[in-house]
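Student: From first to last, the protein sequence lines are chains A and B. Note that my numbering has the first sequence beginning at 5, numbered continuously upward. Note that my numbering has the second sequence beginning at 4, numbered continuously upward.
Honestly, the hints are just simulated from the structure, not real lab data. Any given hint might turn out to be false.
The calculated DSS-like cross-link candidates involving lysine-lysine, where the alpha carbons are at most 25 angstroms apart (straight line), are [stated by the list, open to error]:
(1) B:Lys295 - B:Lys154
(2) A:Lys43 - A:Lys217
(3) B:Lys93 - A:Lys284
(4) B:Lys94 - A:Lys284
(5) B:Lys295 - B:Lys268
(6) B:Lys341 - B:Lys213
Have a look at the derived ranges for each label pair, beta carbon to beta carbon [to be verified]:
(7) B:Glu29 - A:Met218: 54 to 64 angstroms
(8) A:Glu317 - B:Ser37: 43 to 53 angstroms
(9) A:His306 - B:Pro204: 53 to 63 angstroms
(10) B:Glu24 - A:Pro230: 47 to 57 angstroms
(11) B:Gly27 - A:Pro128: 55 to 65 angstroms
(12) A:Lys51 - B:Lys341: 26 to 36 angstroms
These numbers come from a predicted model, not from an experiment. Think of the CB as a built atom: it goes at the ideal place given N, C-alpha and C, for glycine as much as any other residue.
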Amino acid sequence: MAPSVGIPCSLLYFWFYPFWETFFRELGARVVTSGSTNKQILDLGVKEALADACVPVKLYFGHVQALMPEVDFLFVPRLVCLNYQTTYCPKFLGLPDMIRHTFTGSPPLIDIRIDVREGLHALPKAYWQAGRALGAKHAAVARAYLLAWKAQRRYLTLLQKGLLPGEAAPGKSSPTGKRPPDRRGRLVFGVLGYPYLVHDPYISVGLIARLQKMGVGVITLENIPPRLLYRQPLPLDKRLFWTPGDLVYRAALYLLSSRRVHGLIHVTAFGCGPDAMVGKYLEQALRRHPEVPFLTLTVDEHTGEAGMATRIEAFVDMVRRPKAGW
Amino acid sequence: MPRVTFPHVGESYRAFKMLMEDLGNEVIVPPRPSRRTLDLGVRHAPEFACFPVKILLGTYLETCPQGVELIVTTGGVGPCRAGHYAQLHKKILRSLGYAVDVVVLEPPRLYPLDFLHSVRRLNPHRLSFRAIYECVRRAWRKLQALDNLEKLTHKIRPRELRAGETTRVYRRVLEWVDRAYTMREIVEAERAAAEELQKVPQDPAREVFKVGIVGEVYVLLEPASNLEIEEALGHMGVEVERSIFLTGWTRDNTWAETHEVLTVKDAALPYLPELLGGHGRDSVGNTVIFAKRGFHGVIQLAPFTCIPEIVARTILTRVSRDFGIPVLTFFLDEQTGKAGMITRLEAFVDLMRRRKGP
Ligand code: SF4
Ligand code: SF4
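Chain B on its own, in the form it takes in the complex (with noise of 0.2 angstroms):
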């Protein structure tokens, strides 16, 4: 059995390590980015890489050890650099004496062939096409009632009664989404742990603001990356709305222009008519329409250097001018350090109090 691994993005890998597992590879689960991650990965990769590339190659380097063959990732096209990651990455764990091969899934609707070639690489047991497909929409079901359960937790977070006790229900009824198999299992699991979390007690009168979070994919997706800001404002009584989910973006990328992508590129038009590869543009049109719904703030997360972000940040200036919207932007890279990110956090709530008035 090949031994094959993927890049840790939040709590996707319990989805993704079924499916591997179902097309018969032994996975080697990605352990969740700490310290000794970006270590690695810093010590590894170009100086100036940007962050996301620092962490994927300290994951691969933890991982790779114990005897990693494949890694499993996505290629992506566009000006920009993630589409270089994964030779990258190669390259760099080749010259390290790591004999991996990266099999890179582009998207399908611009390379079929690659995107079948890959597919049959993964696939040991030689399932058909029809079973593959199978074991994928499971997959696919599994990744959506992940993301439900996180979007829950953002509404109740901010509401708790006991500090902390969303989170701590929210590790609970994970592992009983990572347990069900079947369809059916699946869909019961995420709804006993809605129901769960819902039982958290809850002060429905709090004064709660809602904030939308917009940037670069993978800081977006990746708590250990952005120091978990999402539950640092929860705890701060802020509501976010994040512009990007797994299921809300692979589709996206991958299929065709949703109905939602088409409205986020419309608002972004009179400001950035350009598609500047990465979430540039989105994060404008989102910032426009999370503006339009009234949100009291957003709050930009991008990697240090990152190129279409800086782009977006230099008119999202005229962008919180223009709808009287506050935009805090956090660079992040190894170095940004939580106590200071509170700080910036708490600046921005005051702020946001003062506007609303008493």
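Here chain A stands alone, though its shape is the one from the complex (with noise of 0.2 angstroms):
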């Protein structure tokens, strides 16, 4: 039988499931994922986790845990860096370290190290141990390999036409799927964070979906392209190091400048080290723009409904008034 793969659908998984999940599917395996976050999955993480970690971290330890007794390999892929200049997050730095010694009853971890620093093929080389781990031979890698490229272009090509991570799925890009939506004449906010905290509506809870269903039209992080983000002039001696942070304040310098926003919203998570700084620098940036709005959502495990709400309508409603008629 073909070896079954196991997906956590938390952190990074939002921005590159269709080359992973195209990946190991063309490989030949069961591709099994854990689905979206609920409360079990949740419970199961803060249970494992340290205490002190943050909340996305226990959820992908939910995650993982959801996957462990289901599959043969669990994909658990060391991202380090992607661009050359910044890395990711020490946690996702050692993210295959914390999964393999906590949980000791663990399937074996495809846990392969991507750092494109090491060298003009260290992608397709790093992709080459994945597909060895499970006994793939060589053109069978490289075919699944170009591809899974293939499918990451188109999804990163919906995402630029205006869809949401959520949306543009692979099995919703046919014509039936969603359209990106039109977002002339309405009201128009920016939503900034990580996308495992942006995109996961279990713990953001359901921030875009009541917007959206507010009438207000959103942009995130990953519709705009990544061109446009590196080319943003940053007001600091020294860059950002961590990727998803350096983006999200490269992404709001973007949108407050090309005004396309008339509102912005950044959800963090509590604890989260990188946002400490993130954070403030937003608020500096947002100084000089004082005509956009600004609202910083804390998530973390005890978030609730109600409360969210209450706020995302106040912020809406106060964003809405000046502008009679939206």
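Put the complex together from the two separate chains, hints included.
Tutor: Below, the structure written as structure tokens:
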């Protein structure tokens, strides 16, 4: 029987799932995902992970536990650096080690290390290792790798057309799938934050759906072409070290300077290390744009539905009022 | 003369003060972090900033009103926030109306030009490079003397007959080192101070537990930030060995990976092959080494929400199980209370006693 590979639906899954799923499927593996976050997954994670860890890491632990009994392999990549400049948060760097040493009974991990600074072929090499762990032949891996890229590129195109990660899933990209939203003449908010917070409806307590229901258009980090982000001039002498944080900050600057949004929401996890810096820099950037209202939503495992709803509604009302007619 | 200040890290200010004055700066000595320092730092730093950021900011806010023009600090590169402290501090201080500049000493190995440039700014006396080298060498020797004396107190305190005697003598002899200026004087002062410390009456028969201390560099090196945990342990009859000292660390980070660091790395390898920035991997490696050397326990000190140390803590649970060595972690912030800490330490000592058997 084909080996099964488990992919936890958390952390950077939201950015890379078309690639990962296609890659393993094309190698002939049965891809098992942990599905959307639910209460049970959260509780599992909270129980096993260190109390002082941030919610996303606790969630990841939960997703891993949900998969453990069902799969032959677990895909837990060690994402270090993808753009030659910034690295991921140290928790991503130590992710496979944390999983391996917490769950002694876990299935073997496919813990490829992805760091493009290692050389020109670092990326294919990493995936070659992943393929080898499954016993695949060289040619098969090469083919799967190319197909995975294709899927990922299509995904990125859809995102840049304005779809959100949840909407642009491979199955949904058919003509009957959702159309990119028409934002003309509507109130538009930038919702910035790490994908595993913004696009995980459980942990963000349905933030995006709630905004959309109130008639607010949403732009997230993923909708902005990376090219534009990297061209964005920074008012700092030293760049931020962590890729997602750096991108969030750049996206905020971009949205502010291109005047594309009427309000900005920053979603952050309680106890997130990098966000201490990102948040402060965002505040300073917003001070130069007093016309754009700004809201920081901090989420953790206890975030309540009611409190969140009230804050979001109040914020939307506040932005809407001076622009009567929207 | 430009007015300079720098972070307060344990007793090291004594050496830095000498160095900065030799180069022709007027030094505003940073005060020992206190409740007030913390309050200032907490008020003006972002809520989730690491604890060290807050203490340092508080320290600067205490010295800046005295007309500081230049803050000297170290940068540190790597995937952690430490490299951003300086910038953030500068922004906050400027926005509070202090016209200070921050000179960041980057590791000379990586940024040789930046380093020379920074040194020039700190050298209004325009000493030659040779003369600067001499000054640095003396300051370094003084730092070593301070570190050596501190290590000695860790050995003597758990065996002292009269509680508090070691600390009293230590405070006194520190001044001797402080006053020493030439190389000869420094060496001499260290020797005399060590002798004086050895004179503290000790009970050689006392049962003493050995505990290794690992964790994030600032809370390890600044006793005011860890509620003098080493002293508290000493009074409970615990001999501590700290994994990081300024003279054992600046060098590693500044010049070459020494033999010692390599072994720490090797020890950590089976558990944590990745360098996390900060001292996460060292915490794991040192714990393994302490366990192999037969220590009775390990204490990890980390700022609240410190990322590398959280990763390390997750893995230390396994190390602790594999080697059968108890590990206790303190995540420190401005709300950590001394009483709670003492209770946990006492329980830890009891645990070690039970494990050791009668
Ligand atoms: S970036 Fe923040 S939220 Fe994400 S894993 Fe790191 S600490 Fe947690
Ligand atoms: S090592 Fe810990 S305390 Fe230091 S900057 Fe990083 S997160 Fe903050």
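Student: Against this structure, judge whether each hint is valid.
Tutor: Verification of the hints:
Between the alpha carbons of Lys295 of chain B and Lys154 of chain B the distance comes to roughly 21 angstroms, so the proposed pair stays at or under 25 angstroms and holds. Distance check on the hinted pair: Lys43 of chain A and Lys217 of chain A sit about 24 angstroms apart at the alpha-carbon level, within 25 angstroms; holds. Taken as a hint, the Lys93 of chain B and Lys284 of chain A pair is honoured in the structure, with Cα atoms around 13 angstroms apart against an allowance of 25 angstroms. For a cut-off of 25 angstroms, the pair hint linking Lys94 of chain B to Lys284 of chain A stands: about 10 angstroms separates their Cα positions.
Between Lys295 of chain B and Lys268 of chain B the alpha-carbon distance is near 15 angstroms, which keeps this suggested pair within the 25 angstroms criterion. Between the alpha carbons of Lys341 of chain B and Lys213 of chain B the distance comes to roughly 22 angstroms, so the proposed pair stays at or under 25 angstroms and holds. For the pair Glu29 of chain B and Met218 of chain A, the beta carbons lie near 60 angstroms from each other, so the given range of 54 to 64 angstroms is met. For Glu317 of chain A and Ser37 of chain B, the hinted distance range of 43 to 53 angstroms is satisfied, since their beta carbons lie about 44 angstroms from each other.
One distance hint, 53 to 63 angstroms for the beta-carbon pair His306 of chain A and Pro204 of chain B, holds here, with the actual separation near 54 angstroms. Between Glu24 of chain B and Pro230 of chain A the CB atoms are about 50 angstroms apart, so this pair conforms to the stated range of 47 to 57 angstroms. The hinted window of 55 to 65 angstroms between Gly27 of chain B and Pro128 of chain A holds, with their beta carbons roughly 56 angstroms apart. Distance hint check for Lys51 of chain A and Lys341 of chain B: the Cβ-Cβ separation is about 31 angstroms, which falls inside the suggested range of 26 to 36 angstroms.
Against the hints set out earlier in the document, no violation occurs for any number.
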